[in-house]
Amino acid sequence: MVKEIERAGFPVVHIATIVPISLTVGANRIVPGVAIPHPLGNPDLPAEEEFALRRSLIERAFRALTTDVEEQTVFDC
Amino acid sequence: MKLELRRAVVEDLVFGPATGLAGGLLTVDSDEALRCLEGIPLTKMRLEIARPGESVRIIPVKDVIEPRCKVEGPGEVFPGFIGDVETVGEGATLVLEGAAVVTCAPVVGFQEGFIDMCGPGADYTPFSKTKNLVLIAEPEEGLEKHAYEGALRMAGLRLAHYLAKACASVAPDRTETYELPPLAGRNSDLPRFVYIYMLQSQGLLHDTYLYGVDVKKILPTLIHPNEVLDGAVASGNCVSACDKNTTYHHLNNPVIAELYRRHGIDLDFLGVIVTNENVILVDKKRSSSYTAKLASLIGADVAIVTEEGYGNPDTDLVMNCAKLERRGIRTVLITDEAAGADGASQGLADAVPEATAVVSAGNVNAIVVVPPMDRVLGWPESIATLSGGNESSLRPDGSIETEIQAIIGSTNELGFSAIGSRWV
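Chains as they are written, first to last, in the numbering used here: chain P, 937 to 1013; chain Y, 34 to 457.
Heads up, none of these hints are tricks.
Ranges between beta-carbon positions, derived for each pair: (1) Val961(P) x Leu58(Y): 54 to 64 Å; (2) Pro975(P) x Ser322(Y): 21 to 31 Å; (3) Leu981(P) x Gly116(Y): 33 to 43 Å; (4) Arg360(Y) x Leu981(P): 32 to 42 Å; (5) Thr1009(P) x Arg219(Y): 46 to 56 Å; (6) Glu1006(P) x Ala377(Y): 29 to 39 Å.
In case anyone wonders, no lab produced these hints; they're calculated from the structure. We treat Cβ as the ideally placed atom computed from N, Cα and C, and that holds for glycine.
One chain only, chain Y, in its complex shape (with noise of 0.2 Å):
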C-alpha cells in the first residue's frame, strides 16, 4: 500500500469572496463554507479565525481536524463520514498544512478544553501554531447531548474536507511517499515492530470512530498505518482535554511518523493494532488478550502501545503491556500521569510488574496560570466546569487558574506535545 501526502502549506488564513489558497495564503468564503453544513441540526453557527500570536481564547474546544481530502486513489478521507467507506490509505491526499479546523460548543460541558494562541498557555497546546478556521455552533432546540456530539463532529470533518477539496488543484509545497510491503514478502533482520493504538471508547460521548465503526463495538484489529493517514480513524471524544486525541492527532500520529521514518533502517514495521478502552472489566480482558495474540500473529518482537485518557484506561494499559510481555514481545507504553498538583501521588491508577519501560507525557494536574485575552470565541465562563477548572478558575479580570487538563492535548499520550515528565 502505498499513499502520497501533498503537502500545501498554509501560511496565514483569511475570509474572502472564493475559497482557495495562494501563496501561502489560504481564503474562506464563509457563506460557502457554512452552506456545506446543511442539513447538520446545528444553529446559529458562524466562523471565526484564529492565527498564532494573536490574543485569543477558543473555548470550550472539542474537536481540532486537519483539511486533507484524496487526489488520487480510492476512498475519499474520513471514510465512514464523508464519501463511502471503501478502504483509505493508498494513491494521493492533499493535506493543507498549518491550518487547522477547530469546533467550539458546550457539548458536555465538563469535557472539552480550550486553546490559548498567545500567552503560556500556548505552549501547552500544539493548536497555537495552526491557523485556526473556528467554527461555533449551537444545538437545534430539542437535540440530545449525544446527537450534538455527532452534529459537531460530522460538522468539523465537512468543514476540513471542504477547505481541501476547495485547493485541490493546489501544487503541493512538498510531497511525501508513505509504503510498507505485504507482511509475507518481508526478509529483514530488523527487530519486527507493532503499534499497539488504545483508542477511547468508554461511551456516553467518550467514543472513537474506526471507518465510522464505534469502536467499543469492535475486536481489537490490524490496520495499515496509511489508513489512520487518510482519516479511518476519527475523533468523536468529550474526555478530558489534556490527552484525548483529537483527529488532527489522529491524522500526525507521531508514533506512526516515527516508525515510518526508521522502518529499514533500524526497525521493521509491521502495522498498527488499533483497539479499544471499554468500560466492563470483560470487555478489557478481552480485547487485551486478542490484542496480544494479533501481535504474536504478525510476528512482533517489540509494541509500541499509546493509551488516551486516564484512570480506567490504564488497567486496558497495563492489561495489554502484562499480555504482550508474557508473549515475549517487548514493550513500550507511552501515557500520562494524574498524580497531584505537586506530582507526588501514583501517576497511573493500576499497575503491573511487566510495565518497565513507559514513557510520561506529563502530569494533567499540573497548574497553570494564563492571563486574559483581547478576544475570546465560544464561552469562557465554561471553564467553571472543565475538568482541570473549577468555580473559581475564571477570575474577575479574565485570567484562568487551571489544571493544565484543561488545555487541549497538553499531555497528548501519542507524544504529540512539547512537555514531558520527570521521574523522580
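Next comes chain P alone, as it looks inside the complex (with noise of 0.2 Å):
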C-alpha cells in the first residue's frame, strides 16, 4: 500500500515495528513503531508518558513527511 501510494505522487510515511521487513519492501520514509501488537502506543507506560510517546511519535511522522530523500531513510529519533 506504502508503494502504491507513492506511485500515485504522494509522500508516504510507514510507521511499522519490524524495520527490516519494511526495507525489505521497499519503504522510503519509515518510523519504528513500539511493538507489533501495539505500534503507536504502550500500554505499560502511565497514560501521561504514553500520549508524550504517542506524540513524539506522530511529530517524528510529520517531519519524515516533509523531508525530501534520496533512499531508504530510516528516522530513529
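Assembly of the complex is requested from the two constituent chains, each provided in isolation within its own frame, with the hints serving as guidance.
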C-alpha cells in the first residue's frame, strides 16, 4: 500500500515495528513503531507518558513526511 | 547426558474400566482420566477417541501431546508443569508411541486448526495417523482467554503424563539411547553442528515455555537435546495451525533426531540453542546477536535454524542467518512460505543475501477441499474464523474449502510433514 500511494505521487511514511521488513518491501520513509501488537503506543506506560510517546511518534512522522529523501531513510529520532 | 526412550507401541485405543496398555491396546478409564484434571478451571470436559481412517474431524485443535513419563532418573517430563523443574534428559522415559492427546477448544477462535482422520485433509497432518484421545472442554464462567489457554495447556500435559504413568510397568517394544558427551572432551574432525531452535514468543497467547519459563523473557540459551526429548519445551501457542509446533512436535523434533542419527558419522552434534521470536525490534536484534555469539562460543561450523510461524518471525530467521554467516558459520534455514494461493508471491516477509540455503516446508496459502465427516468433535463452525478459513469455508454439506494453514502441522517448519515446496 505504501508503494502504491507513493506511486500516485503522495509522500508516505511507513510506521511499523519491524524496520527490516519495511526496508525489504521498499518503503522510503520509515518511522519505527513500538511493538507489533501496539505500534503507536505502550500500554505498560502511565497514561501521561504514553501520550508523550504517541505525540512524539506522530511528530516524527510529520517531520519524515516533509523531509526530502534520496534513499530509504529510517527516522530513528 | 544419557537418556533411554523406551517405546511401547500403541496399536489401538479404547475406553474401558482401567487405564493400561496390553498387547498394543491402550485402554483408558475416562472417569479416572478426567479426575486427574481436578482443580483446572475448565468445565463440560469430556474425552473422545479418534482413530486413523475413521470419518472424524477434530476442530478447533489447540495442542497435541505425546504421552510420556519418566521411569528412571531425575525429574519428570514437562518440567515446570508436571512435577518440579529438575533438569531432565537423563535416565529413562516411557513413550506411548502411536498415541496422542489432542486438546480441542476455541481459545482464541482464529488461531487453532483442525485434524481430519481420513480423506484428503488427513494427508496434511501427522495426527491423522495417531490414535487420539481428544479432550473437549469449555472455560469456567468468567475465565479470561489467557487463563483458558493456560488451563487447557495444563490439562493436555497432565492427561499425557497420566496415560504414560498408568502404563509405567509395561515392557517396551524397543529402546533407543540418546547420548552426547560434554563439549570439552570432544576430539572429532567432523564438522561441528549446532541446532538453532526458534520458539514462538510473540505474546498474546503466542507463547512457548522452557522449563515453565515464558521464552519471550529469556536470552537465548544452550540446552542438551535430551532435555527437549523429555518435554522441557512445551507449546502454549494459539498461532496459525499449519506451522505451530505442538508439544508433540517438540518431543519428536526431526532435526534433533537426524542430527543424533548422524552424530559421529558425518557430523559432530554440539547441542541446541533455544531462542525466541519477540514483537519488539530490539528484542529481535538482541536475541539474534546473542544466538550467533553462543554458536560461535561453542565452536560451531554449521547451524541449522528452524522457524516457528511466519510473517514477522521471518525477520528473526534472517537476522539469525546473517549474524551466524558473518561469524563464518554456514547456515541452513528451515521455514515455510506465505506465497498466495497460486504460490506466486514473495514467500518470506524478509530476506538477506546471506540466506543462500533454505528448505521450504510448503505454502500455507495452498487451497484444499475436504469432504464432510460422519462425526465432528468440537465446533465445526469455527472454520469461519480460523486462519486460512473464511465465512464461506464450511459448506452446507459439511465439506470445507480452506487454505492448508488451517490444518494442524501441514507446513511444520521442523520438517515434520510429508509436503514441501518446489522452487520455480
